[in-house]
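K.L.:
Given chain A, put chain B in place with the hints provided.
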Amino acid sequence: MGRSSYTVRELLQAEGCTHCALCAEVCPAVSASADARLSGLYRLDGLRRLNRSRAWLPARLLGRKAPDPDELKGFAEKAFRCTLCGRCEEICPSGILLKDIWVSLREDMVESRASPDRVQTILKNLTSAHNVFAEEDAERAAWVEEMREPPRDGYIRPRAEVVYFTGCVAAYFPMAQQIPVALAEIFQALEVDFTLLGPEEWCCGFPLVGAGMRDRIGQTVAHNVEAVLEKDASSVVFACPTCYEMWRSRYPWRRHGLRLFHVSEYLALRTAGRPLPLRKLDLTVAYHDPCDLGRGAGVFEPPRQILRSIPGIRLVELAENREQCRCCGGGGNLEMIDPDLSARIARQKIDSVLETGARTVVTACQQCVRTLASSARRNKVALEVLDIVQLVRRSLET
Amino acid sequence: MQIQGYNMPDDLYYEEHHFWVRPEGELLVMGMDDFAQQMAGEVVYVQLPFEGKKLEAGKKFAQVESGKWVGKVYAPVDGELAQCNAELESHPGLINEDCYGKGWMYKIRPKDMGEISKLIHGPEAVEKWLLADIEKYKQD
Numbered sequence: 001m002g003r004s005s006y007t008v009r010e011l012l013q014a015e016g017c018t019h020c021a022l023c024a025e026v027c028p029a030v031s032a033s034a035d036a037r038l039s040g041l042y043r044l045d046g047l048r049r050l051n052r053s054r055a056w057l058p059a060r061l062l063g064r065k066a067p068d069p070d071e072l073k074g075f076a077e078k079a080f081r082c083t084l085c086g087r088c089e090e091i092c093p094s095g096i097l098l099k100d101i102w103v104s105l106r107e108d109m110v111e112s113r114a115s116p117d118r119v120q121t122i123l124k125n126l127t128s129a130h131n132v133f134a135e136e137d138a139e140r141a142a143w144v145e146e147m148r149e150p151p152r153d154g155y156i157r158p159r160a161e162v163v164y165f166t167g168c169v170a171a172y173f174p175m176a177q178q179i180p181v182a183l184a185e186i187f188q189a190l191e192v193d194f195t196l197l198g199p200e201e202w203c204c205g206f207p208l209v210g211a212g213m214r215d216r217i218g219q220t221v222a223h224n225v226e227a228v229l230e231k232d233a234s235s236v237v238f239a240c241p242t243c244y245e246m247w248r249s250r251y252p253w254r255r256h257g258l259r260l261f262h263v264s265e266y267l268a269l270r271t272a273g274r275p276l277p278l279r280k281l282d283l284t285v286a287y288h289d290p291c292d293l294g295r296g297a298g299v300f301e302p303p304r305q306i307l308r309s310i311p312g313i314r315l316v317e318l319a320e321n322r323e324q325c326r327c328c329g330g331g332g333n334l335e336m337i338d339p340d341l342s343a344r345i346a347r348q349k350i351d352s353v354l355e356t357g358a359r360t361v362v363t364a365c366q367q368c369v370r371t372l373a374s375s376a377r378r379n380k381v382a383l384e385v386l387d388i389v390q391l392v393r394r395s396l397e398t
Numbered sequence: 001m002q003i004q005g006y007n008m009p010d011d012l013y014y015e016e017h018h019f020w021v022r023p024e025g026e027l028l029v030m031g032m033d034d035f036a037q038q039m040a041g042e043v044v045y046v047q048l049p050f051e052g053k054k055l056e057a058g059k060k061f062a063q064v065e066s067g068k069w070v071g072k073v074y075a076p077v078d079g080e081l082a083q084c085n086a087e088l089e090s091h092p093g094l095i096n097e098d099c100y101g102k103g104w105m106y107k108i109r110p111k112d113m114g115e116i117s118k119l120i121h122g123p124e125a126v127e128k129w130l131l132a133d134i135e136k137y138k139q140d
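Protein chains in written order, with this note's numbering: chain A, 1 to 398; chain B, 1 to 140.
Please note: incorrect hints may appear among the correct ones.
Claimed, not checked - Dumping the calculated DSS-like pairs for lysine-lysine here, alpha-carbon to alpha-carbon at most 30 angstroms:
hint, chain 1, residue 1, chain 2, residue 2
1, B, Lys59, A, Lys124
2, A, Lys124, B, Lys72
3, B, Lys118, B, Lys60
4, A, Lys124, B, Lys60
5, B, Lys102, A, Lys380
6, B, Lys72, B, Lys54
7, B, Lys54, B, Lys102
8, B, Lys59, B, Lys102
9, B, Lys128, B, Lys60
10, A, Lys73, B, Lys138
11, B, Lys72, A, Lys380
12, B, Lys102, A, Lys124
13, B, Lys111, B, Lys128
14, B, Lys107, A, Lys380
15, B, Lys111, B, Lys138
16, B, Lys138, B, Lys53
17, B, Lys136, A, Lys124
What the hints assert, rightly or not - Chain B side only, calculated, beta carbon under 10 angstroms to chain A, not exhaustive:
hint, residue
18, Val44
19, Tyr45
20, Val46
21, Pro49
22, Ala62
23, Val64
24, Ser66
25, Ser90
26, His91
27, Gly93
28, Met113
29, Ser117
30, Lys118
31, Ile120
Honestly, the hints are just simulated from the structure, not real lab data. All figures in this text were calculated on a predicted structure; none of them were measured in a lab. Where a beta carbon is used, it is the ideal one built from N, C-alpha and C, also for glycine.
With the rest of the complex left out, here is chain A (with noise of 0.2 angstroms):
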């Protein structure tokens, strides 16, 4: 029984919904699937059916019976295949506050032990290994060595300015592990004084948030608060849009006196009075919005700015841009949950990118990166997938 799992306004808002559909229309698991089962109208409505048939008094008045553990385990499994992209919340014209329901649904799921297997294997590696990919502590800043010229130091400090929080993706998987060489590189080349946490970097807890498990991150976060102050910095810059949501959303940075960027921010401040020396790439690329840094965060025009910096880039955007950009598909733990339906949904993306005319995607996110790349090998499609930071440095005059 999870009724308490959502705020009274959560509550009350799922009321509000005034079924026009528009959150069907646009969803990219609704359009990949072709299952209008999928749709933040379809999960409102089982969720209204649900609470009243939780409700002791009016339940027993009106004949209504308790859900069946086979419907509530089929109800949960659609809550779960979803990307938490919040395109539903940004159109719903009633303003109710979708991805927070969302996600005190699959908390509700969680507890009314309805969720999908794979939940528990994310939180069994998430205890155990302070990763989703139960991959070893010690691996976590292992891309360093992929550097020609590693640091004797291996970019783990004693103390500095800036904390550079990595994030699973490009720690652990080689694809992303390019973005954070290129990141230290451009570091470098604006002497910024960082530093790694290395092994002492915990995964952010969002996988628990979105595993319907937020109640579990408060070791993460503690550890990871810890680590950071523990380095004196006074900035936090990552280039993972969903570790910046998190801690921007869940951590108490602003009680510890930190400031939080996503690297765009960080990199579009850093070098507006003192610009890095770039050569000119001929190159025209779409710019695709993480949703995480988009809609979550609402950090639009940074990545646009440092894309209009480097001499040569041609941008073009793609039709669904800014708040309305369309979820690649690697969001909400849908690719542990539902990898077809994951890879589905990114190659609709990569439709939509080829329709601009580019053959280069820019993003700002590892995952996105992971995402796009791999649906463009898988489907033989000639798109070169970079995240921002690789686009700097291939611009980068060393």
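P.N.:
Positioned in the frame of chain A, the structure of chain B alone reads:
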């Protein structure tokens, strides 16, 4: 040699994590074996470290990615990386299409060519090792 649906050529040397090795002049050519590529599924990324990288037998020197699976590549011998198959940068699926041919991964300059004798080689040894691994992965 075919073993339970896996093609394992007799003339190759095998590293225990399912990478094959073949002498080619002063170098060793290395790639993923048929068992590993079938287990991994569609390979979407192969790490191609810089040439000249020092290798130590048994130590990880690269990684391979297929969907949510990340595989580590261990050096079969001491030496240095002489060449990477640059084709894999844009076509990592070559490993699935032709793991013993166009999907080769690395060329290694061994410190001592004689070290390959420590690898798994010969029909009997290969069959025994592979059957044990098939059983092991069945249980996993």
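K.L.:
Return the status of the interface hint for Ala62(B): holds when the least beta-carbon distance to chain A is below 10 angstroms, violated otherwise.
P.N.:
Holds. Min distance 8 angstroms.
K.L.:
Are the Cα positions of Lys102(B) and Lys380(A) separated by 30 angstroms at most?
P.N.:
holds (17 angstroms)
K.L.:
Holds or violated: Lys54(B) with Lys102(B), Cα cutoff 30 angstroms?
P.N.:
holds (24 angstroms)
K.L.:
Holds or violated: Ser90(B) as interface residue toward chain A, Cβ cutoff 10 angstroms?
P.N.:
holds (8 angstroms)
K.L.:
Lys118(B) and Lys60(B) were given as a pair; does the straight-line alpha-carbon distance stay at or below 30 angstroms?
P.N.:
holds (18 angstroms)
K.L.:
Verify the interface restraint on Tyr45(B): the C-beta must sit less than 10 angstroms from at least one C-beta of chain A.
P.N.:
holds (4 angstroms)
K.L.:
Close enough to count: is the Cβ of Ser66(B) nearer than 10 angstroms to one in chain A?
P.N.:
holds (9 angstroms)
K.L.:
With chain A as the partner, please determine if Gly93(B) meets the hint condition of a C-beta pair closer than 10 angstroms.
P.N.:
holds (7 angstroms)
K.L.:
Next pair to validate is Lys59(B) with Lys102(B); report whether the Cα-Cα distance is within 30 angstroms.
P.N.:
Distance ~25 angstroms between Lys59(B) and Lys102(B) Cα, so the pair holds.
K.L.:
For Lys138(B) and Lys53(B), compute the direct alpha-carbon distance and say whether it is at most 30 angstroms.
P.N.:
violated (35 angstroms)
K.L.:
Compare the distance between the alpha carbons of Lys59(B) and Lys124(A) with 30 angstroms, and conclude whether the hinted pair is satisfied.
P.N.:
holds (27 angstroms)
K.L.:
Do the alpha carbons of Lys136(B) and Lys124(A) lie within 30 angstroms of each other, as the hint requires?
P.N.:
holds (22 angstroms)
Checked against the numbered hints above, the structure breaks hints 12, 15, 16, 28, 29, 30 and 31 and satisfies the rest.
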